[in-house]
Amino acid sequence: MTRVLELDSITKRFGHVTANEDVSLHLDRGEIVALLGENGAGKTTLMSILFGHYTADEGTVRVEGAELPPGKSRAAIRAGVGMVHQHFALAPNLTVLENVLTGTEPLWKFRSNRAAGRAKLVELSRKFGLKVDPDARVSDLSVGECQRVEILKALYNDARILILDEPTAVLTAQEADSLFATLRQMTENGLSLIFISHKLHEVMSASDRVVVLRRGRVVAERRTAETSKEELAELMVGRKVQRPERPPATPGKVLLEGVDLALGGKGGASLHGVSFRLRAGETLGIIGVSGNGQTTLAGLVSGLYPPDSGTLLIDGQEVPRHDVPHAIAAGIGRIPEDRNAEGTIGDMATWENAVLERIWSEDFSARGVVKRAAARAATEEIIKGYDVRGASVDGRIRLLSGGNMQKLILGRVLNAGPSILVAAQPSRGLDEGAIAGVHERLLEARGRGAGVLLISEDLDEVIALSDRIRAIVNGRLSPAIPAERADARLLGLMMAGDWTAAEAIEAEDAHAL
Amino acid sequence: MSVLLDILSSVGMWEAVLRIATPLILGTLGVLLCERVGVLNLGIEGIMTFGAMVGWLTVYSGGDLWVGILAAAAGGAAFGFLHALLTVPLGLSQHVTGLGITLFASSFSYYVFRLAVPTASSPPTVEPFRPLAVPVLSDIPFIGPVLFNQTAPTYMALILVAVLAWGLYRTPLGLAIRMTGENPHAVDAQGIDPIWLRIGTIMAGSALMGMGGAFLTLAAFNSFFPTMVQGRGWICVALVVFALWRPGRALLGALLFAFFDAFQLRLQTVVEGVPYQLFLMLPYILSIVALIVMARRARVPQALMQPYRRGER
Amino acid sequence: MRFERRDHPSRALTIAAPIGAVLAALIVAGLLIAIAGANPIRAYGLILKGAFGSRLGISETLTRTTPLILTGLAAAVAFRARLWNIGGEGQFYLGALAVAAFGMIPAIGALPAPLAILLCLIAGAVVGMILLLVPLGLRLKFGVDEVVTTLLLNFVAVLFVSLMIEGAMKDPLAFGWPQSVPVPEAAELPKLLARSRLHAGLLIALVMAVVVWWLQSRTVFGMRSRAAGLNPRAAAFAGVPLGRTLIAVACLSGGLAGLAGAIEVMGVKGYVTTDLSPNYGYSGIVIAMLANLNPIGVIAAALFSAVMFVGADSMSRALSIPSYIADVTVAMSLLTMLVAIFLAQYRIRR
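Chains as they are written, first to last, in the UniProt record's numbering: chain A, 1 to 513; chain B, 1 to 313; chain C, 1 to 350.
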């Protein structure tokens, strides 16, 4: 076995934060190594150092025995390291060929050799089974195709070592399977791979060796064949975290009902003929692969836009006007999908963030003047009641960690006593401890008799919290199945759009009631 | 009606179109380059003013006309560097920085001009570029004098359109520039530093703006006076949107514009009873109309006005 | 080398930023003065003396401060909401023209002075608003960037003024000079200081600064406009009506710039010409940035600019340094201020 890559005692600090501490890691030819760790464990930083985006404070990187100069991505590329970023580094307005060709020729050339480039691209795409049209505009490609372009870009640069940062984050289960099959085939052609992940099942099924990173340090290294999901989970988290148990539901009256809702895409997929019912005291989970209409559905129920057609009934009443203030006044609490972009305004004070969505109410303003004392008191209450650490009433909210920001959002929503709760990806990007806290709050709200609409891409979360589960596929909702009947295969089918089994279960369930 | 025909069929009118278009072509190409690499450059108005002043001053103090153009380009590039420094590595607001550059560059130009020419009631003149008849071609009736009896900088501007179109679409550098305007992360991932690429491209674009300004004092007029740029820079910013960020269309836009300008100038003299100010408003209003028409169709460079910092998304 | 955002930008740094910026600009301008062959220290001394050294100097400086406060406020409120109103110059002119046009109605001249003044001020503000609502409408409806449209409208506005004062509103008694009919006596602002040009407009400007401060920091409107500027997506999620908020901001911003024009013509000049404003609208942008968009800070920044402009006039006569040095300094201070704000917010790491 030849050692193609060696990272030796890498340390990287950002201010007071140590992102990587004394991390050593190696990769052999033809091997697939999984770099496993939670969000914020330092995986991406480590790979950015390897790729020359960051300079390490200490330590060295060696590719095939030769040391890489720090901080030069060009050198990494020349040495045969290719990186496939989690957020695709593609230009949507340019063609596939243009995206691949950028930076592959000397800049000061009078004419770029498109024909040769195209030939090489076509050849690579054939050799590695990565089918894509070189002249297609990237904005017209599917997510899976975009990823193929990313991999082709690396291969075009004659990469022998490929690093993939969370490659399956945006793929369907089927796409992910085929990706890993392709990757395995690549190793047979002499490539060596590192992929970054926090998903245990894919690490178990696709890697030869696992390196576990926690808080910037390597805590363990295992041959995949000699470890188990359970062991890896504990290594990754560092302790056993008990997520709260879901007590049995006692569904009451229908609080929220959608009848044949349709809405053109607002930065996401469109909705077509969406009908659902949400009862008091139950959680309805919506699963699905990213980009199938979750964002649009969450936005619709949250009051960001009224439906193009169909009716939305709150508490059995058709809503005359559907916008944010009316939705909130009607008792809808909203946990946004993206805390930083949508949920908070980083440069405004904590108290302003806490009351902005209800600033129109008598509680917080009178004749257009903000009741600052009341607003600050309410914020103080949230900070105390929800244990928002590091927050001060007047401090700017962007200083809070993701978990604490989410606590503040939960506080502002739940303290208003909503009867309906829309939670979109409520634990995305949080660590285990924070996730448990969020789940506890959601279960509490349900216990109080609120109806919870949980829209999430995290299957474990949906199974743990929901009473009934639907999948969203291309803007349509699948039949609902009770959570007890959910298993990986059935949910996979539902997300892939095969609803026959789910239909049978729904019918059976309705019969039993 | 026959008056209109007279104007439209006169050689002088069409000759003027290219002349009026030249600074707009250069300025628009400059803005286009900057925006293609992802940076709005509202410094153009001031940079053109500075180019006009420095070009004039160079020639006034004994320099060759081409040295004047070169000085204007260098001056433009210098202000472009300042703009780039503030907006690219520091990532400051491109709007406000650009306006700051405009205010600074124009007041600085006036200051230097007044230092050089402290007391003159009428601005001193220089010997400007003379029309250069292209042999044979300029003898073609009508087309000849219109297209082939222009000043040298006009020919240069036309050549630059072709150079830029080729450069942006046919060379690796042009691809990297377009890519940076779409997604600087992608360029960085391919091992090209988008920061330096942006700085360099902004400097090149600003040099073009400076040359556009110099054309005003060294070919269109023969002297410098404050406020002579008269919003031409802003019009160029609008023209880039009209041109959908393509050099060929930028030429078309500039010509269309110049056509209206030349036409209204001549119309003023023959149409009675319409205040001249209405004619003068026309270019500005047309620019706004162009913006409205194109706003929805425009395929704006995706990373325009988005500062790039490594590791921040 | 990279820049890292400071967690807690200290108060001291925030206050030091504009001072440092102005000092840096003064140093650069000082170099330019030195290159021109004069002693910069002496030049600055003369500038201060010109601005504050006499009763006339002080009254001139304060007269000049008045419109600058208002155009500075106009830019500051707009920029807070990320509405790029660069059209202050045009709004200023049309505001002034509105007063002159209003004054042509005989009934206005016959009104008691306070009422005539009030109506004329309102007329100026309303016209300023309208001129900004046009580009805002284009942005909301067609997605046209308001920076370029407001800039272009400045030229249209000045040409329109020129059209009117050479046509329908031309003063027949002005010996053929292009200037508008004078505003009626009833609409003239009272003087604050006898035998000077200082007028009650200064008080209006100061009151407006306080009003704007109150609006921004204490009202629902202020909170919403800030939210809309800082993060439109999150603001929309929180139910901030973005369109309506921007319209309100545009009314305030355009109104303030229009008011500046109205006050200038009612307090200083008495009639409208096309050189009524030595770039007051554009200077407002600099002033707003120097004040870090703080309405109270605008007063200080406007005073600084006025000192430069008034002082440089008298300094240039004494030292034969072009008075454009004032414009250079003020524009330079905008750029240095941008850097200073940045340095106050970020730290440099290697």
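Think of the hints as simulated: they come from the structure by calculation, not from any bench. Since this is a predicted model, take the numbers as computed values, not measurements. Any given hint might turn out to be false.
What the hints assert, rightly or not - Take a look, some chain C residues computed to stay more than 10 angstroms from chain A by CB distance:
id : residue
1  : D7
2  : P40
3  : D145
4  : G167
5  : F175
6  : P278
7  : V307
To be verified - Footprint (simulated), chain C over chain A, 3 or more residues, beta carbon under 8 angstroms:
id : segment
8  : 298-305
9  : 344-358
10 : 368-375
Stated by the list, open to error - Just so you have them, the derived chain A footprint on chain B, three or more residues with Cβ under 8 angstroms:
id : segment
11 : 163-173
12 : 179-189
Don't be surprised by glycine CBs; every beta carbon is placed ideally from N, CA and C.
Task: Residues of the segment 298-305 of chain A with Cβ under 8 angstroms from chain C, three needed, outcome - done: holds (count 3)
Open item on the list: Under 8 angstroms between beta-carbons, do enough residues of the segment 344-358 of chain A, three at least, approach chain C for the coverage claim to hold?
Closed with: holds (count 8)
TODO: Check the non-interface label on C/D145: least C-beta distance to chain A beyond 10 angstroms or not.
DONE: Given that every Cβ of chain A is farther than 10 angstroms from that of C/D145, nearest at about 19 angstroms, it holds.
Task: Outside-interface status for C/P278 - nearest CB in chain A farther than 10 angstroms - done: 35 angstroms, holds
Task: Exclusion check [C/G167 not at the chain A interface, CB over 10 angstroms] - done: The claim stands: C/G167 keeps its Cβ more than 10 angstroms from every Cβ of chain A (closest is about 43 angstroms).
Task: chain A over the segment 179-189 of chain B, status - at least 3 residues with CB closer than 8 angstroms - done: holds (count 8)
Open item on the list: Please check whether the beta-carbon of C/F175 is more than 10 angstroms away from every beta-carbon in chain A.
Closed with: Non-interface label on C/F175 holds, nearest chain A Cβ at 51 angstroms vs cutoff 10 angstroms.
Task: Outcome, coverage of the segment 368-375 of chain A by chain C - at least 3 residues whose beta-carbon is closer than 8 angstroms to one in that chain - done: holds (count 4)
TODO: Classify the label on C/D7 as holds or violated, using whether its beta-carbon is more than 10 angstroms from each beta-carbon of chain A.
DONE: 6 angstroms, violated
Task: Minimum Cβ-Cβ distance from C/P40 to chain A exceeds 10 angstroms - done: 38 angstroms, holds
Task: 8 angstroms C-beta criterion, at least three residues: is the segment 163-173 of chain B covered by chain A - done: Answer holds; 4 residues pass the 8 angstroms Cβ test.
Task: 10 angstroms cut-off, C-beta based - C/V307 kept clear of every residue in chain A - done: 32 angstroms, holds
The earlier numbered hint that this structure contradicts is number 1, and it is the only one.
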